[in-house]
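Could you build the full structure based on these sequences and the hints that come with them?
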Amino acid sequence: KQEVTQIPAALSVPEGENLVLNCSFTDSAIYNLQWFRQDPGKGLTSLLLIQSSQREQTSGRLNASLDKSSGRSTLYIAASQPGDSATYLCAVRPKGTYKYIFGTGTRLKVLA
Amino acid sequence: GAVVSQHPSRVICKSGTSVKIECRSLDFQATTMFWYRQFPKKSLMLMATSNEGSKATYEQGVEKDKFLINHASLTLSTLTVTSAHPEDSSFYICSARDPTGSQETQYFGPGTRLLVL
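Chains as they are written, first to last, in the numbering used here: chain A, 1 to 112; chain B, 1001 to 1117.
Since the hints were made in silico from the structure, they are not lab data.
In silico DSS-like cross-links for lysine-lysine, where the CA-CA straight-line distance does not exceed 27 Å: (1) B:1042 x A:99; (2) B:1064 x A:95; (3) A:99 x A:1.
Reference listing, derived: stretches of chain A covered by chain B, where coverage requires no fewer than 3 residues with Cβ under 8 Å from a Cβ of chain B: (4) 34–43; (5) 94–105.
Backbone N, C-alpha and C fix where the C-beta goes; we use that ideal spot for every residue, glycine too.
So this is what it looks like as structure tokens:
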């Protein structure tokens, strides 16, 4: 059974810092992995999607990597800003399905 | 702009009543939609997979008679919480699969917050 874990559960950093969020999954048979942002009381915003054949994806200050064999993904946020404060969720889509299994989330607070 | 909408965005109901939540794909036909549930400060848990024209597939532990899912058209799936109780209070999010294009994409709705008094 696929399980997705995110570390740390919560993170508080001063503005300007570069930071790394971690996601691990137990079954490497995935179709893709996606990182989302969720603001309090709101829905999900897709940040980056990495196909199983890819190693990384970049969008602006965000970079996500995928090491499928070790069951790990990282989300790197460069030069963090207070507007980056949110909960970040990673989710894997197991092979053979269309559903997503979500991680436990990392609550990020960037202090001005 | 949003390609998946949910209605209502929030609803308050009395215990024992039934509540219907709609999920619509706006720009594409979605043969498959998914319903997730999120408890406060927790992650999303998949409840069921909704297939157009056929019965929904429920995840283990989800009561199908409690959470009725209907996917009557290619752009609409509904989740009805029957005989709601306070423990059903939660944030419900749907997603819709767009099968067109070289890489199929899923879009998530903005969520519906349900409070049962």
